[in-house]
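As given, the protein sequences belong to chains A and B, one line each in that order. Heads up: the first sequence begins at -11 in the working numbering, then just goes up one per residue. Heads up: the second sequence begins at 122 in the working numbering, then just goes up one per residue.
Mixed in with the good hints, there may be bad ones.
Below 20 Å or equal to it, Euclidean Cα-Cα: the simulated EDC-like pairs (lysine to aspartate or glutamate) are [to be verified]:
{"id": "1", "chain 1": "B", "residue 1": "K415", "chain 2": "B", "residue 2": "E397"}
{"id": "2", "chain 1": "B", "residue 1": "K220", "chain 2": "A", "residue 2": "E(-4)"}
{"id": "3", "chain 1": "B", "residue 1": "K220", "chain 2": "A", "residue 2": "E72"}
{"id": "4", "chain 1": "A", "residue 1": "K157", "chain 2": "A", "residue 2": "D79"}
{"id": "5", "chain 1": "B", "residue 1": "K317", "chain 2": "A", "residue 2": "E217"}
{"id": "6", "chain 1": "B", "residue 1": "K317", "chain 2": "A", "residue 2": "D52"}
{"id": "7", "chain 1": "A", "residue 1": "K43", "chain 2": "B", "residue 2": "E397"}
{"id": "8", "chain 1": "A", "residue 1": "K(-6)", "chain 2": "A", "residue 2": "D54"}
{"id": "9", "chain 1": "A", "residue 1": "K61", "chain 2": "A", "residue 2": "E(-4)"}
{"id": "10", "chain 1": "A", "residue 1": "K113", "chain 2": "A", "residue 2": "E97"}
{"id": "11", "chain 1": "A", "residue 1": "K76", "chain 2": "A", "residue 2": "D52"}
{"id": "12", "chain 1": "A", "residue 1": "K43", "chain 2": "B", "residue 2": "E306"}
{"id": "13", "chain 1": "A", "residue 1": "K(-6)", "chain 2": "A", "residue 2": "D182"}
{"id": "14", "chain 1": "A", "residue 1": "K76", "chain 2": "A", "residue 2": "E42"}
{"id": "15", "chain 1": "B", "residue 1": "K317", "chain 2": "A", "residue 2": "D79"}
{"id": "16", "chain 1": "A", "residue 1": "K76", "chain 2": "B", "residue 2": "E306"}
{"id": "17", "chain 1": "B", "residue 1": "K317", "chain 2": "B", "residue 2": "D301"}
{"id": "18", "chain 1": "B", "residue 1": "K220", "chain 2": "A", "residue 2": "D70"}
{"id": "19", "chain 1": "A", "residue 1": "K43", "chain 2": "A", "residue 2": "D70"}
{"id": "20", "chain 1": "A", "residue 1": "K107", "chain 2": "B", "residue 2": "E306"}
{"id": "21", "chain 1": "A", "residue 1": "K69", "chain 2": "B", "residue 2": "E306"}
{"id": "22", "chain 1": "A", "residue 1": "K113", "chain 2": "A", "residue 2": "E185"}
{"id": "23", "chain 1": "A", "residue 1": "K16", "chain 2": "A", "residue 2": "D54"}
{"id": "24", "chain 1": "B", "residue 1": "K220", "chain 2": "A", "residue 2": "E67"}
{"id": "25", "chain 1": "B", "residue 1": "K317", "chain 2": "A", "residue 2": "D70"}
{"id": "26", "chain 1": "A", "residue 1": "K16", "chain 2": "A", "residue 2": "E231"}
{"id": "27", "chain 1": "A", "residue 1": "K157", "chain 2": "A", "residue 2": "E171"}
Estimated spans, in silico, between C-beta atoms of each pair [said to hold, decoys possible]:
{"id": "28", "chain 1": "B", "residue 1": "H315", "chain 2": "A", "residue 2": "S186", "range": "49 to 55 Å"}
{"id": "29", "chain 1": "B", "residue 1": "K415", "chain 2": "A", "residue 2": "E6", "range": "40 to 46 Å"}
{"id": "30", "chain 1": "A", "residue 1": "S186", "chain 2": "B", "residue 2": "L218", "range": "51 to 57 Å"}
{"id": "31", "chain 1": "B", "residue 1": "A155", "chain 2": "A", "residue 2": "S166", "range": "28 to 34 Å"}
{"id": "32", "chain 1": "B", "residue 1": "P138", "chain 2": "A", "residue 2": "D178", "range": "45 to 51 Å"}
{"id": "33", "chain 1": "B", "residue 1": "E291", "chain 2": "A", "residue 2": "G112", "range": "38 to 44 Å"}
{"id": "34", "chain 1": "B", "residue 1": "H315", "chain 2": "A", "residue 2": "R86", "range": "19 to 25 Å"}
Worth flagging that the hints you see were computed from the coordinates, not collected in a lab. The model shown is predicted, which means the values in this text are computed figures rather than measured ones. Every residue gets a Cβ at the ideal spot worked out from N, C-alpha and C, and that includes glycine.
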Amino acid sequence: MTAMVKAEGVHKSFGPVEVLKGIDLEVKSGEVFCLIGPSGSGKSTFLRCINHLEKINAGRLYVDGDLVGYRQKGDKLYELKDSEVAVKRRDIGMVFQRFNLFPHMTSVENVMEAPVQVKGVSRGKARERALELLDRVGLADKAGSYPSQLSGGQQQRVAIARALAMDPKLMLFDEPTSALDPELVGDVLDVMRDLAESGMTMIVVTHEMGFAREVGDSLVFLDGGVVVESGHPREVLTNPQHERTKSFLSKVL
Amino acid sequence: MTVDIDKTPADTPPAGPEAIKAIPVRHYGRYVSAVVAIALLVGVVYAFSQGKINWGAIPDYFFDDRILDGVGKTLLLTVLSMVIGIVGGVMLAVMRLSKNPVTSSIAWFYIWFFRGTPVLVQLIVWFNLGLVFEYINLGPFYKDEWSDFMTPFLTALLGLGLNEAAYMAEICRAGLLSVDEGQTEASHALGMSHSKTLRRIVIPQAMRVIVPPTGNEVINMLKTTSLVSVVQYPELLRAAQDIGQTSGAPAEMLFLAAAWYLLMTSVFSIGQYYLERYYARGSSRSLPDTPFQKIKANVLSLSNRSASTGDTA
Chain A
-11 MTAMVKAEGV HKSFGPVEVL KGIDLEVKSG EVFCLIGPSG SGKSTFLRCI NHLEKINAGR
49 LYVDGDLVGY RQKGDKLYEL KDSEVAVKRR DIGMVFQRFN LFPHMTSVEN VMEAPVQVKG
109 VSRGKARERA LELLDRVGLA DKAGSYPSQL SGGQQQRVAI ARALAMDPKL MLFDEPTSAL
169 DPELVGDVLD VMRDLAESGM TMIVVTHEMG FAREVGDSLV FLDGGVVVES GHPREVLTNP
229 QHERTKSFLS KVL
Chain B
122 MTVDIDKTPA DTPPAGPEAI KAIPVRHYGR YVSAVVAIAL LVGVVYAFSQ GKINWGAIPD
182 YFFDDRILDG VGKTLLLTVL SMVIGIVGGV MLAVMRLSKN PVTSSIAWFY IWFFRGTPVL
242 VQLIVWFNLG LVFEYINLGP FYKDEWSDFM TPFLTALLGL GLNEAAYMAE ICRAGLLSVD
302 EGQTEASHAL GMSHSKTLRR IVIPQAMRVI VPPTGNEVIN MLKTTSLVSV VQYPELLRAA
362 QDIGQTSGAP AEMLFLAAAW YLLMTSVFSI GQYYLERYYA RGSSRSLPDT PFQKIKANVL
422 SLSNRSASTG DTA
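Isolated chain B (complex conformation) (with noise of 0.2 Å):
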């Protein structure tokens, strides 16, 4: 480990035994990586600089009102199909351990199936299956035509939020299981049910190991909502292309939605970061460094390297 003779500053003298000076192992293979990654990389900026794209035509559209409502549409989705999922994956979680055969294998069935095809086939499906129901009926309730019901919004809404809670019941099923049993025993032997016991016991812990992976899946969904743009719903990606197509710069707006979604899931990514270091609280000693913390830590070790190469030059 060579952080500790780094870290220690190269004009302090140590108050102890003499600290280490040596010339550091030059690492050629590095520098000559480095040089054909950025030549790489000048490479691609040039080739784009040199396509006819009018950039221009960003900053113009980026907060038109067809895309600002776009994007509060992808929002709106975002945010709708993961509480269907997470709500739909904490049931099917709790069927599948339960010891009942029929509610597990419903489960089991479930999980099978919206995770075994593509969601893109699912949302298609969904927005077809007026071509197999002429009507809902649902009693005394409900009656409509299907193509009533099923807007666009329902559709990208059930298509989205019943895939999702196929994979939420899969990382909620292993927070559970991530919990002593030793806890349930305990809970048990208090005289708490069944479940009292899984929402007052189980559950709390559990969120430790569920909050960072639902975190990835809700980057995920913001992403995958502009598949919805199939079924006729005008999110963000169908209003970049729309725009596209009557302002006729099509590329550009597809860079403004590709950058409107780099914007929301960094803001996403942050927000996910700070929830996890909230939930390590307790069971890791030490926090993790926030971003701004390891780039003060690296910005300082750098300063200190060329020091010390300097001294030793």
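Chain A with its partners taken away, still in its complex shape (with noise of 0.2 Å):
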């Protein structure tokens, strides 16, 4: 398998305060990579890094074997133009934490918006595709529906749909049921648990270790800003090496 996302010593600083303190990591193509930690150990500013939301400072990321965000010629590295990023951009899905969704659109708008506007499909052919989505993620009847109509659950799941309808070769999710009520967050599960077992490349920020240890094939310990401890999920949830995953996950589990 060949790496979808590579980190080499990446650094990321908002203005004095160091986020990232040097990441190195590999995600295989195909695999579902799970990235846990305390809140604040740039678990979810790492995910941002990977579609450019925001600009590392120092290090190396390679998506699909491209850098992100440069381009380089000999060792002089320029920076991509904003629409060569979008053109990046369109290969990554991105799934956020507070769904974002357009509330001025029906789900099934929201859904084709992307692919209409920047791939040019016709209106017909992205709806048609759009409702096969919605359907996908179990919301085939609520295609009419504006955002503020639906539960948490239900936005988060048309936030997956309008994702996918990209076609995306790479899924990253941040926190993708932290803002839902326990009793939503098994659908939204579910509906990744399927992308996973479709074979999609996926990055998941997650509180969920139940997920992350039945559903994820890498996982790694974020903390300060650095990899303390990255393996497969089953035996670094249950037999964590490091004091503080072992302090980390006798919180959370």
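Starting from two chains that each stand alone, build the complex the way the hints lay out.
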């Protein structure tokens, strides 16, 4: 398997605060890669660096073999234009903690928007595909509803369908169930499990240890902007080697 | 809250526990202030009825051709100035919010200048620019004497429109800033460009914040057009003044103009009210009452109150 995402010494600071202090990791194509860690550990920031919503300050970050946000010619780096960054982002779907659905559009319009506006797909075809995707996340009957008329869990499933509409090769999940009522978490995790089984490469920032253990192929525990421990989810979660991992897991499990 | 008690009709016995029947607090201060206010109002009306005003002149000239022409020009000027104001305002707002320091400071300077000087002064300056420029020369496209180019209409339009753009810029900026940053991020994450994000995602959501104050600006603009009488443009006020001088009823013609302005602003206010109500859909669960529904509710509560006080007395 080839590497879908490769990070080499990734650093990121917000002003004087250094959030990522040299991250090295590799996400293989087709795997479900879970990022866990206490809040403020930099896991969401790292995820946002992958589709260049944040610029990294040092190190190298590759997606599917290409540098993120830059082009290398010889030993010089050139910043990519906004339009070039936008092209790269088409292949990377992202699901946010707070859904971020477009409130002035219905579910099906939310899902159609990017294919029509970015890829130039005809409205008819885009609608057909959008309805398929809504069906896949179990919301075929909510196509005409506005986000404000949906529950949190339904909104998040529409958001997943919206990301899938661009046929991404990589999906980023930024704490997709953290803003949901406990009883709604299961529906969203079911959709993500289906997606994992279909072979999608997924990077999931999560506090759902059950999901990580069951579905995850790799797991990284991040704390203070560094990778503390990594390995197969079952090993790390049941038999953590590091003191910090142990104390974190004892609090969340 | 006494509202609930008021709304229960006094003659139908409540099904559940017995409703409270109490003698309401007497607000003597309210009676006094009402009497004073009515006395003042009567005084003002009496004073005007004693003035030497030829009221008959107002209906005589109300639909005079010159007045109607003035009304039409006032409306035309209002609409066109607002178009310039809104288009310019959106551009300035986007410039001010852009990361380019040059465009954002130019926008800042424009707003600072046009908001900081009286619109009347701006109008007179536009009118008198002919003193500084003899010709207007746009290279191969256009060349003319300044006085021929700068007609009273163009002076009025530029003066009002460019001034309005400064105010609209701030209104639009507030609207754009009101849209959650997560919307822009989600749109960018889908691979949408800056301009598509702005057009498809941000602006439609900003409209809810932009529309109500813009309605206000339209009404303001309608009244501000009366200032352009100083640059010789024959809008409503100027037409009324001209008739006043020739017909020997100058004060009456000003009342007439005031009546027309009131009429037009009232129509715009009603339009604005329903537009705001329209944009409130989706953001608020229940729509506010229309004025008609409010009046109905007030009348009902009044009749209920008199009925209940009649019972207790």
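Checked hints:
Between the alpha carbons of K415 (chain B) and E397 (chain B) the distance comes to roughly 16 Å, so the proposed pair stays at or under 20 Å and holds. Taking the CA atoms of K220 (chain B) and E(-4) (chain A), the gap is near 30 Å; set against the 20 Å cutoff, the hint is violated. For the hint linking K220 (chain B) to E72 (chain A), the alpha-carbon distance of about 18 Å falls within 20 Å, and the restraint holds. This hinted pair checks out: K157 (chain A) and D79 (chain A) have alpha carbons roughly 6 Å apart, not beyond 20 Å.
Of the supplied pair hints, the one linking K317 (chain B) and E217 (chain A) is violated, its CA atoms being roughly 42 Å apart against a limit of 20 Å. Pair hint K317 (chain B) plus D52 (chain A) does not hold up; C-alpha atoms about 26 Å apart against a cutoff of 20 Å. Restraint check for K43 (chain A) and E397 (chain B): not satisfied, since their Cα atoms lie roughly 41 Å apart, outside the 20 Å limit. Of the pairs offered as hints, the one joining K(-6) (chain A) and D54 (chain A) holds, with about 10 Å between alpha carbons and a cut-off of 20 Å not exceeded.
Taken as a hint, the K61 (chain A) and E(-4) (chain A) pair is honoured in the structure, with Cα atoms around 19 Å apart against an allowance of 20 Å. Between K113 (chain A) and E97 (chain A) the CA atoms are separated by roughly 12 Å; this keeps the pair inside 20 Å, and the hint holds. About 10 Å separates the Cα atoms of K76 (chain A) and D52 (chain A), which keeps this hinted pair within 20 Å; it holds. A hinted pair counts as satisfied when its Cα atoms are at most 20 Å apart, and K43 (chain A) with E306 (chain B) qualifies at roughly 14 Å.
At roughly 25 Å between alpha-carbon atoms, K(-6) (chain A) and D182 (chain A) are farther apart than 20 Å, so this suggested pair is violated. Straight-line distance between C-alpha atoms of K76 (chain A) and E42 (chain A) comes to about 14 Å, which keeps the hinted pair within the 20 Å bound. Taking the CA atoms of K317 (chain B) and D79 (chain A), the gap is near 18 Å; set against the 20 Å cutoff, the hint holds. Among the hinted pairs, K76 (chain A) with E306 (chain B) is consistent with the structure: their alpha-carbon atoms are about 15 Å apart, no more than 20 Å.
With a C-alpha separation of about 16 Å, the suggested pairing of K317 (chain B) with D301 (chain B) holds against the 20 Å cut-off. Under the criterion of a C-alpha separation no larger than 20 Å, the hint pairing K220 (chain B) with D70 (chain A) is consistent with the structure, at around 13 Å. Distance restraint check for K43 (chain A) and D70 (chain A): the Cα-Cα separation of roughly 12 Å lies within the 20 Å cut-off, and the hinted pair is therefore satisfied. With a C-alpha separation of about 18 Å, the suggested pairing of K107 (chain A) with E306 (chain B) holds against the 20 Å cut-off.
About 17 Å separates the Cα atoms of K69 (chain A) and E306 (chain B), which keeps this hinted pair within 20 Å; it holds. This hinted pair does not check out: K113 (chain A) and E185 (chain A) have alpha carbons roughly 26 Å apart, beyond 20 Å. Simply put, K16 (chain A) and D54 (chain A) have alpha-carbon atoms about 14 Å apart, close enough for the 20 Å limit, and the pair holds. Under the criterion of a C-alpha separation no larger than 20 Å, the hint pairing K220 (chain B) with E67 (chain A) is consistent with the structure, at around 17 Å.
Taking the CA atoms of K317 (chain B) and D70 (chain A), the gap is near 13 Å; set against the 20 Å cutoff, the hint holds. As the CA atoms of K16 (chain A) and E231 (chain A) are separated by approximately 27 Å, the hinted pair breaks the 20 Å bound. At most 20 Å may separate the alpha-carbon atoms for a hinted pair to count; K157 (chain A) and E171 (chain A) exceed this at roughly 30 Å. Our hint of 49 to 55 Å for H315 (chain B) and S186 (chain A) is violated, since their Cβ atoms are close to 33 Å apart.
Our hint of 40 to 46 Å for K415 (chain B) and E6 (chain A) is violated, since their Cβ atoms are close to 59 Å apart. The hinted window of 51 to 57 Å between S186 (chain A) and L218 (chain B) is violated, with their beta carbons roughly 41 Å apart. A hinted range of 28 to 34 Å is violated for the C-beta pair A155 (chain B) and S166 (chain A), which are about 58 Å apart. Range check, P138 (chain B) to D178 (chain A): Cβ separation about 49 Å, and the 45 to 51 Å hint holds.
Distance hint check: the CB atoms of E291 (chain B) and G112 (chain A) are about 42 Å apart, consistent with the given range 38 to 44 Å. The beta-carbon spacing between H315 (chain B) and R86 (chain A), approximately 22 Å, falls within the hinted interval of 19 to 25 Å.
Against the hints set out earlier in the document, violations occur for numbers 2, 5, 6, 7, 13, 22, 26, 27, 28, 29, 30, 31.
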